[in-house]
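Undergrad: In case you want the letters, here they are:
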Amino acid sequence: MNLRRLLAIAYKETLQIWRDPRSLAIALLMPLMQMGLLGYGVSLDIKRVPLCVYDQENSQLSRGVVNRFTSSDWFREVAVLQTDRDLRAAMDHGTCLGALVIPVNFSRTLYMTGQDSLQVVFDATDSNTTNIATGYAQGIVAQLDADLAANWRGAHGETARSIGTVDLSSRVWFNEGLDSRNFIVPGVVAIILSLVGSQLTSLTVAREWERGTMEQLISTPVTGLELMFGKLTPYFVIGLLDAVFCLGAAAFWFHVPFRGSLFTLVLTTALFALVVLGIGYLLSVRIHNQLGASQIALMLTMLPTTMLSGYTFPLDQMPEAVRVISWFVPARYYVTILRSVFLKGSSLLDMAVPVIALLVYAAVIIRAAARAFRKSLD
Amino acid sequence: MSGAGGQVAVAAREVRRHFGALAAVDGVSLSVNHGEIFGLVGPDGAGKTTLMRMLAGVLRPDAGEIVLDGVDVLADPEAAKARLSYMPQRFGLYEDLSVDENIFFYAELFGVERKARKARAAELLEAAGMAPFRRRLAGALSGGMKQKLGLVCALIHTPTVLLLDEPTTGVDPVSRREFWGILYSLRESGVTILLSTAYMDEAERCSRLALMHEGRVHDCDTPARLKQAMPGVLFAVTAPDPRAVRAALEDAPGVLGALLMGDRVNLRADSAARAPELAARLHERGVAYGDIAQVEPGIEDVFVALTGAGAA
Ligand SMILES: Nc1ncnc2c1ncn2[C@@H]1O[C@H](COP(=O)(O)OP(=O)(O)O)[C@@H](O)[C@H]1O
Ligand SMILES: [Mg+2]
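Chains as they are written, first to last, in the working numbering: chain A, 642 to 1019; chain B, -17 to 294.
For the record, the hints were derived by calculation from the structure and aren't laboratory data. Hints should not be assumed to be uniformly reliable.
Said to hold, decoys possible - Chain B is nowhere near these chain A residues, computed Cβ spacing over 12 Å in every case:
no.: 1; residue: Pro691
no.: 2; residue: Val707
no.: 3; residue: Ser713
no.: 4; residue: Val1001
As the list claims (entries may be wrong) - Derived CB-CB ranges, DEER-like:
no.: 5; chain 1: A; residue 1: Ala1004; chain 2: B; residue 2: Gly125; range: 42 to 48 Å
no.: 6; chain 1: B; residue 1: Thr151; chain 2: A; residue 2: Leu989; range: 33 to 39 Å
no.: 7; chain 1: A; residue 1: Gly986; chain 2: B; residue 2: Arg116; range: 31 to 37 Å
no.: 8; chain 1: A; residue 1: Ala1004; chain 2: B; residue 2: Arg187; range: 37 to 43 Å
no.: 9; chain 1: B; residue 1: Gly125; chain 2: A; residue 2: Val907; range: 27 to 33 Å
no.: 10; chain 1: A; residue 1: Val878; chain 2: B; residue 2: Ala122; range: 24 to 30 Å
no.: 11; chain 1: B; residue 1: Arg116; chain 2: A; residue 2: Ala892; range: 32 to 38 Å
no.: 12; chain 1: A; residue 1: Ser1017; chain 2: B; residue 2: Ala3; range: 36 to 42 Å
no.: 13; chain 1: A; residue 1: Val907; chain 2: B; residue 2: Trp162; range: 55 to 61 Å
What the hints assert, rightly or not - Straight-line C-alpha distance at most 25 Å; calculated SDA-like pairs for lysine to any residue:
no.: 14; chain 1: A; residue 1: Lys1016; chain 2: B; residue 2: Gly93
no.: 15; chain 1: B; residue 1: Lys100; chain 2: A; residue 2: Lys1016
no.: 16; chain 1: B; residue 1: Lys100; chain 2: A; residue 2: Arg645
no.: 17; chain 1: A; residue 1: Lys1016; chain 2: B; residue 2: Lys209
no.: 18; chain 1: B; residue 1: Lys97; chain 2: A; residue 2: Tyr652
no.: 19; chain 1: B; residue 1: Lys97; chain 2: B; residue 2: Glu83
no.: 20; chain 1: A; residue 1: Lys1016; chain 2: B; residue 2: Arg65
no.: 21; chain 1: B; residue 1: Lys100; chain 2: A; residue 2: Tyr652
no.: 22; chain 1: B; residue 1: Lys209; chain 2: A; residue 2: Met642
no.: 23; chain 1: B; residue 1: Lys97; chain 2: A; residue 2: Ala890
no.: 24; chain 1: A; residue 1: Lys985; chain 2: B; residue 2: Lys209
no.: 25; chain 1: B; residue 1: Lys100; chain 2: A; residue 2: Glu654
no.: 26; chain 1: A; residue 1: Lys1016; chain 2: B; residue 2: Ala64
no.: 27; chain 1: A; residue 1: Lys1016; chain 2: B; residue 2: Gly239
no.: 28; chain 1: A; residue 1: Lys985; chain 2: B; residue 2: Ala64
no.: 29; chain 1: B; residue 1: Lys100; chain 2: A; residue 2: Pro862
no.: 30; chain 1: A; residue 1: Lys1016; chain 2: B; residue 2: Glu47
no.: 31; chain 1: A; residue 1: Lys1016; chain 2: B; residue 2: Ala61
no.: 32; chain 1: A; residue 1: Lys1016; chain 2: B; residue 2: Asp54
no.: 33; chain 1: B; residue 1: Lys100; chain 2: A; residue 2: Thr655
no.: 34; chain 1: B; residue 1: Lys97; chain 2: A; residue 2: Ala651
no.: 35; chain 1: B; residue 1: Lys209; chain 2: A; residue 2: Ala651
no.: 36; chain 1: A; residue 1: Lys1016; chain 2: B; residue 2: Arg42
no.: 37; chain 1: A; residue 1: Lys1016; chain 2: B; residue 2: Ala45
no.: 38; chain 1: A; residue 1: Lys1016; chain 2: B; residue 2: Leu79
no.: 39; chain 1: A; residue 1: Lys1016; chain 2: B; residue 2: Ala57
no.: 40; chain 1: A; residue 1: Lys985; chain 2: B; residue 2: Glu47
A quick note: this is a predicted structure, and the numbers were derived from the prediction, not measured. In this text, a Cβ means the ideal position worked out from N, Cα and C, and glycines have one as well.
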């Protein structure tokens, strides 16, 4: 391999990416859009969540609490419930997405012990909506707390003890192992990297065939390996930058706790980037037109990544056959790694199996891509 | 400049290439000497591009041998590629790169020293009349300029053999003249040029020609000797309706071929003495004509006569 030729290819490719709106959009806008879309759920501005009210106390204070919920923009009252059975039925029928439950002795307990809890129950089939609605409920309760404390002090003087706090205990039904945002967002990073990486490279060789530049290129002494690594270099850099952006958003915007080492994260991300770039490149070499290559790349990476990486659909609840297929999906390993690094702070050694799986995958794909390229028009 | 190949810069022997049932190149042999401008002449579909691609090492022949500047192209295509430059028929440079960026790219691929590149690029661009357009994107150049840029990129590493596939097709006459100016000065410096063309007038400028038709090379000689080799003599008949003239004389005794050339018909006959006979036949049939004169054959006439190609 001749480094000078490799760099010439990389430089040329960079200029072309820079001047191609489609590539730029994929490289720069796609991560932003996907992060927003997938990170927040499809319906970002959820308002007026249908709420059932089950006020077991029916006191002045409890009615005030109900009012705070139903007069907000975020919830609207759809039914008033009288019994526990009503509650079950309303949730089953989907009459409401959530229920506000105020216990029998709410005010009394609050005044006596200085503490009591409201309960909000959500149908968590749609975990994103649930996450957001829970956030709204927490906001309302926090405000309630603050107001109660202020009232209490107003009536009893500064020296009086504080009324204490109202806790919000939020429970979810129907989806016991609710995927929290912490769980989902790392998976989103894998999806974005798959998408961007394979889409960008799927265009690169096919474009040369389509535009007729390949014929002249293969009449020069450039080798297949120089071409491959030269072309992959700029996309690798873009992929890592996109990953840094997404991982940064996960940690700082979505506040997914990060407990692992940055080194482990970067190393495994680079490995996964190599895999997806290799897949796109391989397709681009095989399929001589841009549209075909990019569509197959989409099918081959996005579909398995969303369905079979365990990013939203837990793999251990899937049929045996599907689980076996998932062993061949590289994103599966990367999602596992990301979650472990973020949430458990795992080291490379802890994650030896998925890391080695990715390593093998990268080696196989890059080797296949290198062999697939023929310096010939045949 | 002559390499390990002695006198011969490009030698092809019995080269064949099929596409399905079609024999695109059907056993072609030719040999191009160092310092020649060698023309491959033939109509569309003759197999010129297929042959050029095989010579350039980008397409594998089914059979045959190709030696380029002493290097066996089939055994070691990469060694051959370091010595040649190939300009495909379809524009092969990057339209989203500027003139300078394309030149830089190809110079780097061929490992041209940076200093040498600067000097050579300046010199070539000057000769091509493209010095003011160095920052323009290749896609924004005119057809003629694109071809000249292709030539500049092909020449940036000083190849010993230059393969040009229809380099002047669709190029305006002024650019074509400049293009040929560069080719002549290249020959002075010892570069061997093999080009294909469908323009017969351009063929006259080559030192030697190969007439190619339906995958075969029929004759290979200087333009002058090819003309001498044409059997029979040539008459040009001017007429208001040349088609009528052709219809009347096509199968007259002694007529070997008739070729429509705009406002006249080129008739090939077995002897110069046929002129009065032909005139009489036109009178007899009431076909109007202006003049019947014996003329020097052009390459087109020679091509039709020697390859047996149907008159266009
Ligand atoms: N890649 C190909 N696949 C199938 N047929 C081809 C291919 N390239 C050329 N041909 C056929 O081979 C013949 C010669 O084509 P070509 O070499 O392009 O001729 P020319 O350059 O003289 O016009 C034509 O009939 C063409 O259709
Ligand atoms: Mg052609």
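Undergrad: Take the hints in turn and mark each one as holding or not.
TA: Now for the hints, and whether the structure bears them out:
{"no.": "1", "hint": "Pro691", "result": "holds, 53 Å"}
{"no.": "2", "hint": "Val707", "result": "holds, 63 Å"}
{"no.": "3", "hint": "Ser713", "result": "holds, 54 Å"}
{"no.": "4", "hint": "Val1001", "result": "holds, 31 Å"}
{"no.": "5", "hint": "Ala1004(A) x Gly125(B): 42 to 48 Å", "result": "holds, 47 Å"}
{"no.": "6", "hint": "Thr151(B) x Leu989(A): 33 to 39 Å", "result": "violated, 60 Å"}
{"no.": "7", "hint": "Gly986(A) x Arg116(B): 31 to 37 Å", "result": "violated, 55 Å"}
{"no.": "8", "hint": "Ala1004(A) x Arg187(B): 37 to 43 Å", "result": "violated, 55 Å"}
{"no.": "9", "hint": "Gly125(B) x Val907(A): 27 to 33 Å", "result": "violated, 49 Å"}
{"no.": "10", "hint": "Val878(A) x Ala122(B): 24 to 30 Å", "result": "holds, 29 Å"}
{"no.": "11", "hint": "Arg116(B) x Ala892(A): 32 to 38 Å", "result": "violated, 47 Å"}
{"no.": "12", "hint": "Ser1017(A) x Ala3(B): 36 to 42 Å", "result": "violated, 21 Å"}
{"no.": "13", "hint": "Val907(A) x Trp162(B): 55 to 61 Å", "result": "holds, 58 Å"}
{"no.": "14", "hint": "Lys1016(A) x Gly93(B)", "result": "holds, 19 Å"}
{"no.": "15", "hint": "Lys100(B) x Lys1016(A)", "result": "violated, 29 Å"}
{"no.": "16", "hint": "Lys100(B) x Arg645(A)", "result": "holds, 17 Å"}
{"no.": "17", "hint": "Lys1016(A) x Lys209(B)", "result": "violated, 41 Å"}
{"no.": "18", "hint": "Lys97(B) x Tyr652(A)", "result": "holds, 19 Å"}
{"no.": "19", "hint": "Lys97(B) x Glu83(B)", "result": "holds, 16 Å"}
{"no.": "20", "hint": "Lys1016(A) x Arg65(B)", "result": "holds, 17 Å"}
{"no.": "21", "hint": "Lys100(B) x Tyr652(A)", "result": "holds, 18 Å"}
{"no.": "22", "hint": "Lys209(B) x Met642(A)", "result": "violated, 51 Å"}
{"no.": "23", "hint": "Lys97(B) x Ala890(A)", "result": "violated, 47 Å"}
{"no.": "24", "hint": "Lys985(A) x Lys209(B)", "result": "violated, 87 Å"}
{"no.": "25", "hint": "Lys100(B) x Glu654(A)", "result": "holds, 22 Å"}
{"no.": "26", "hint": "Lys1016(A) x Ala64(B)", "result": "holds, 14 Å"}
{"no.": "27", "hint": "Lys1016(A) x Gly239(B)", "result": "violated, 45 Å"}
{"no.": "28", "hint": "Lys985(A) x Ala64(B)", "result": "violated, 55 Å"}
{"no.": "29", "hint": "Lys100(B) x Pro862(A)", "result": "holds, 21 Å"}
{"no.": "30", "hint": "Lys1016(A) x Glu47(B)", "result": "holds, 19 Å"}
{"no.": "31", "hint": "Lys1016(A) x Ala61(B)", "result": "holds, 14 Å"}
{"no.": "32", "hint": "Lys1016(A) x Asp54(B)", "result": "holds, 17 Å"}
{"no.": "33", "hint": "Lys100(B) x Thr655(A)", "result": "holds, 22 Å"}
{"no.": "34", "hint": "Lys97(B) x Ala651(A)", "result": "holds, 22 Å"}
{"no.": "35", "hint": "Lys209(B) x Ala651(A)", "result": "violated, 52 Å"}
{"no.": "36", "hint": "Lys1016(A) x Arg42(B)", "result": "holds, 10 Å"}
{"no.": "37", "hint": "Lys1016(A) x Ala45(B)", "result": "holds, 19 Å"}
{"no.": "38", "hint": "Lys1016(A) x Leu79(B)", "result": "holds, 23 Å"}
{"no.": "39", "hint": "Lys1016(A) x Ala57(B)", "result": "holds, 14 Å"}
{"no.": "40", "hint": "Lys985(A) x Glu47(B)", "result": "violated, 65 Å"}
Hints 6, 7, 8, 9, 11, 12, 15, 17, 22, 23, 24, 27, 28, 35 and 40, counting from the list given before, are not met by this structure.
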